[in-house]
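S.K.: With these hints in hand, go ahead and build the complete structure from the sequences.
There are 4 protein chains.
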Amino acid sequence: MSHNTFGHLFRVTTFGESHGVALGCVVDGCPPGLALEAEDIQAELDRRKPGQSRFTTQRREPDQVKILSGVFSDDRTGGRQLTTGTPIALMIENTDQRSKDYSEIRDSYRPGHADFTYDAKYGIRDYRGGGRSSARETAARVAAGAVARKVIPGITIRAALVQMGPHAIDRANWDWEQVGQNPFFCPDAKAAALYETYLDAIRKDGSSVGAVIEVVAEGVPPGLGAPIYGKLDADLAAAMMSINAVKGVEIGDGFAAAALRGEDNADEMRAGNDGRPRFLANHAGGILGGISSGEPVVVRFAVKPTSSILTPRQSVNRDGAEIDLITKGRHDPCVGIRAVPVAEAMMACVLADHTLRHRGQNGERP
Amino acid sequence: MSHNTFGHLFRVTTFGESHGVALGCVVDGCPPGLALEAEDIQAELDRRKPGQSRFTTQRREPDQVKILSGVFSDDRTGGRQLTTGTPIALMIENTDQRSKDYSEIRDSYRPGHADFTYDAKYGIRDYRGGGRSSARETAARVAAGAVARKVIPGITIRAALVQMGPHAIDRANWDWEQVGQNPFFCPDAKAAALYETYLDAIRKDGSSVGAVIEVVAEGVPPGLGAPIYGKLDADLAAAMMSINAVKGVEIGDGFAAAALRGEDNADEMRAGNDGRPRFLANHAGGILGGISSGEPVVVRFAVKPTSSILTPRQSVNRDGAEIDLITKGRHDPCVGIRAVPVAEAMMACVLADHTLRHRGQNGERP
Amino acid sequence: MSHNTFGHLFRVTTFGESHGVALGCVVDGCPPGLALEAEDIQAELDRRKPGQSRFTTQRREPDQVKILSGVFSDDRTGGRQLTTGTPIALMIENTDQRSKDYSEIRDSYRPGHADFTYDAKYGIRDYRGGGRSSARETAARVAAGAVARKVIPGITIRAALVQMGPHAIDRANWDWEQVGQNPFFCPDAKAAALYETYLDAIRKDGSSVGAVIEVVAEGVPPGLGAPIYGKLDADLAAAMMSINAVKGVEIGDGFAAAALRGEDNADEMRAGNDGRPRFLANHAGGILGGISSGEPVVVRFAVKPTSSILTPRQSVNRDGAEIDLITKGRHDPCVGIRAVPVAEAMMACVLADHTLRHRGQNGERP
Amino acid sequence: MSHNTFGHLFRVTTFGESHGVALGCVVDGCPPGLALEAEDIQAELDRRKPGQSRFTTQRREPDQVKILSGVFSDDRTGGRQLTTGTPIALMIENTDQRSKDYSEIRDSYRPGHADFTYDAKYGIRDYRGGGRSSARETAARVAAGAVARKVIPGITIRAALVQMGPHAIDRANWDWEQVGQNPFFCPDAKAAALYETYLDAIRKDGSSVGAVIEVVAEGVPPGLGAPIYGKLDADLAAAMMSINAVKGVEIGDGFAAAALRGEDNADEMRAGNDGRPRFLANHAGGILGGISSGEPVVVRFAVKPTSSILTPRQSVNRDGAEIDLITKGRHDPCVGIRAVPVAEAMMACVLADHTLRHRGQNGERP
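Residue numbers (our numbering), protein chains in the order written: chain P, 1 to 366; chain U, 1 to 366; chain H, 1 to 366; chain X, 1 to 366.
None of these hints come from the bench; they were simulated from the model.
Just so we're clear, the structure is a prediction, and the values are computed from it rather than from any experiment.
Among the hints, a few may not be true.
Copies of the same chain are indistinguishable here, so a pair counts whether it falls within one copy or spans any two.
SDA-like mimics (lysine to any residue), calculated; alpha carbons at most 25 angstroms apart, straight line [what the hints assert, rightly or not]: (1) Lys66 x Ile326; (2) Lys49 x Arg158; (3) Lys150 x Lys328; (4) Lys190 x Asp200; (5) Lys49 x Arg261; (6) Lys190 x Arg261; (7) Lys204 x Leu260; (8) Lys328 x Ala271; (9) Lys66 x Val21; (10) Lys328 x Leu280; (11) Lys150 x Val21; (12) Lys190 x Pro166; (13) Lys204 x Glu263.
M.R.: Structure follows, in structure tokens:
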């Protein structure tokens, strides 16, 4: 991962600011011959789109994606639009930028935001809506992820919100069907009901709250991952940590593994039907030695509470003067919610990349 | 990060297997003119060296480093050996490889180890001592880290073990001086005393236990980090996750941030003496928007229990037959202990790399 | 250089096909605070634009560039638009695509073109106007080059056509002023007059002809270049060879150096005024050991004749049947002409990249 | 290509100075399961080894390679040593360094050498035998090339010297068998006889002379190459230009193509037996649009005369004082000779890399 590009053979370069002309990405290295329509990408973008419930920002962006390059159709493709192996550029024009008065955030450093650090690094900053540091950039990732999914049709990637504030779900209630049926991408219907009340109160307070997201990839063949410094878990950790507001990433049992003894942590094996081991547990989260084991790849990450809140906080401005600050504007009370489709996209990109890398160096996948 | 290389301008490529001829690394991109003696590197290696207490593997390796290239001294350097800007190759020859009977691990897949996944990926595996997947590779990282520290002389990097099994230290007792005075790199003298008894029991049981390590970098100037996909925290997450047996990484408050409300998580600011903000808290762990804030960079990571234990576990062998397995040999009952100097090395490498990157694209550091 | 991205700290990713929706690039790693208007880029694009004389393709493309991201202006910038250090996306929409009948090139492999090889590699091909393999892609390079020039304001980069077909210019007549005054970018007025007659005849024959271009960068400080595999000349060779139809690249005396004896090839030195050597000759073309010497960097490259000609050539079609083929459509009789501004752009990008890399690893430039 | 690493999936990182402890490389990304013995590598190194005739430097280096990692053998491999997919570190210890008086080159800038530019870049320089800028580094490339050849067993790579000073060979006399039978790697026996007399005279004069080398790869399948910025010819151009003293690179007809008309340059096609086109000519040198066509890949490059000569040349020293300088020591009168096996190695590495990249992104090779 480097600057605004990630991936090695399946490479994604994103661009764009929150209130600029457009944002988007170039997906380079996508194999040729895959069916890809704008609608495939739009469907994923719509899941992430703001303004779909009262629990996400009220900014209204259609987030309409345009494919600028890298696909082709003619009579020989039977009318289907196929990837050609050349770079796929995707663009989403910004429409609802509200060219309002930005003087407040122009001069002030909002606590928890990247205002001060961008100024410290670059000496200049597009402060409108957070500029490049806005979570709006993740729309480009979701678009890229939709392409990545085409590369790995045998792999199912799903994510869910498993904790909001201090309230974890009851894993016994886990039902993937539920994820699409509440505004929180929550797999536990009971927890979702609780979150509704809880987040309404947070929202009315002008406050915000953190969350934990879990991403699961099923159908990952054993053998993906490039030890030592392109380990599958290392790449996933970087991918998830690069999402806005993420402060922690764990694989399988994660931090809980530290408290275990070796006997309890070992994923025992029995003979499987297909000639490969059947694991009796998955503490490892599907990755051993940086390489996938064939078990579901399980990643969790923590999102901090949205930094924009209505309670006044102490801060300073660009001139070093001390100020008290509240952050007006349209914001997500729990930015973790919209991180759910973003997490799926990052998982898809990493797995697509490692699939191509494995095939390149080790021949076909097992 | 890609395959066996990490870093962008300060680049480290490691090589070597646990029981091969030698292991080491090539450090590419180190600035010229830095004083570097083998002793500087050796001092760091000695901290990681096995066999220093009864709590780490009894393998006896002197881990003597040789500098093969990239340094120079003559009368004009006043006898000091200086880096020249060319690649610095470092080699550590293996001596205590015990060419014993490996038939057991040759054919069996040890639970929790990378035996099956390396076979699945490569179809062949140097099983002696774990081969490339052995934590012995981290000696090369520690050597590279010693070079990295030369690049960032104003930054102090220290790590400590803050949890062993279920037993966290009492942070009120934190004393960096203690870290060098017990075999656990533990900053809490009282906890260290407890660990001694606790780990002795684990060791005698032939069992093992996990740990949590915390790494802190002080004196990091604001402005380091390359958004969006080379964020400082994303690179640190990948760096730590690439260490053997690590299952989780967090920055600042990490997973605890998920349970906070926005008011509690915001690091408020007041005017500082040096013209930059003084932060009243550091929930963010020194990183905002992927860029360092000037506050201490704080990273924690979880290490799973050593997978090699004496309790029989169910497994399969290469031929798919079911077996019961115990893992004999010399092992660390808590592999997290020796991860402490490794974590410092990875932090040093990442910060050296980002220092050079920032200087390249944004001019001098603030 | 890798896939559709080149550069290391100053990185350019291009996208787009000849007859697709749009083409463009993302310039990543551009330092912040540089004044950049669309007009700056447009001026360079206009030099490369087709249809400006009867000697280039009659395709009419306004080649209007849009800056989608990475720049910012407000009252604090005094109305000037500045780069922000974030990725600069540039887009040029295709307008004159002539959705005509492509059935001929759809099924046939035009000799000298990339039709067969793209099919062999990808199994699918956007054949309209050559798709991704069209020289139209170089518009994106020229746009990126305009940004690169901002990074290296002290360096003057100029290119010229120095040979058309078998007719080399007379170097004694070299006058940079002439380059802008004839449709060939030719620095020798007399040769330009000859080329007019010569190329008219070629054009009327439905034939085409090759060319040699020379690019010169003056004001390059000594010290740029990253030995061993990022040598300045190696990067320039790759950059120029990546331009469509280029078949050879040389630095300084180039191939002529093979015929020299050591005494004649050595660039002798005398004391310079500024404390650095003054070179008495520049056979080396400004690069020694892969590092700039402070002398002008001189690169020449050969462009093959345009492959699209009206004389029938033997070929085969996709089905393997033998055919005779002429290539109708709008084409440049000497594609080398429009390679002149492209060459300047590539030189600018490589020098900008190496300037940042040098600054990163070696501190400020000498 | 970046710093001291080249390649993307098949990656080579070299290290070492002319008179340092050792030089070598790490080959990363080599597929597993390939038979590789030190003898395979040694055989290639012996072809490049100095001191084999009076026409190359009299330095006596056994250039004995050691494989430090990345290979494995046991009873299951039938005693054969196989690659394991992990990094292959290769080391050649320096033995004949002659720790003589270097005071002359320590303080002086030898014309044509990298002395001044390394000082300008790094401010410090290992001047012993040229340090990192010595052609001794190419031993590491030859070693890596021997590994690369294992990756592409169906491809035959051969190089030859085709011009020495002003004397080109007669291509009608081309006989690959001759290449191993004269000290010049010359395929024309008659030219070789001439070179013997010619180079003897050059040598006795204390002078030197340039050369042109041609490298040919046969059996390259169509489809290798990664447009736009990882084109096969662009990568080859960088690879060859990175060899010491190279000043020009061309593919196929190269610079001669500039003088051709389109009709003469087009490589016509007829139906082939294997379903792919049979080309009637190969002006393109086996590459169209940056992708291999299945025809032999033909690359030529020019090597300047060795800069170390016994005729005094004007120069300056580190302090800026003007001096006259001759370069004593052991040198090659025609450094192009030993570039022949180096060129083969670079071709092998580039083709191995592109073979893996193609397989990764486009499935199996045609």
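S.K.: Looking at the structure, which of the earlier hints fail to hold?
M.R.: As far as the earlier hints go, 1, 3 are violated by this structure, in ascending order.
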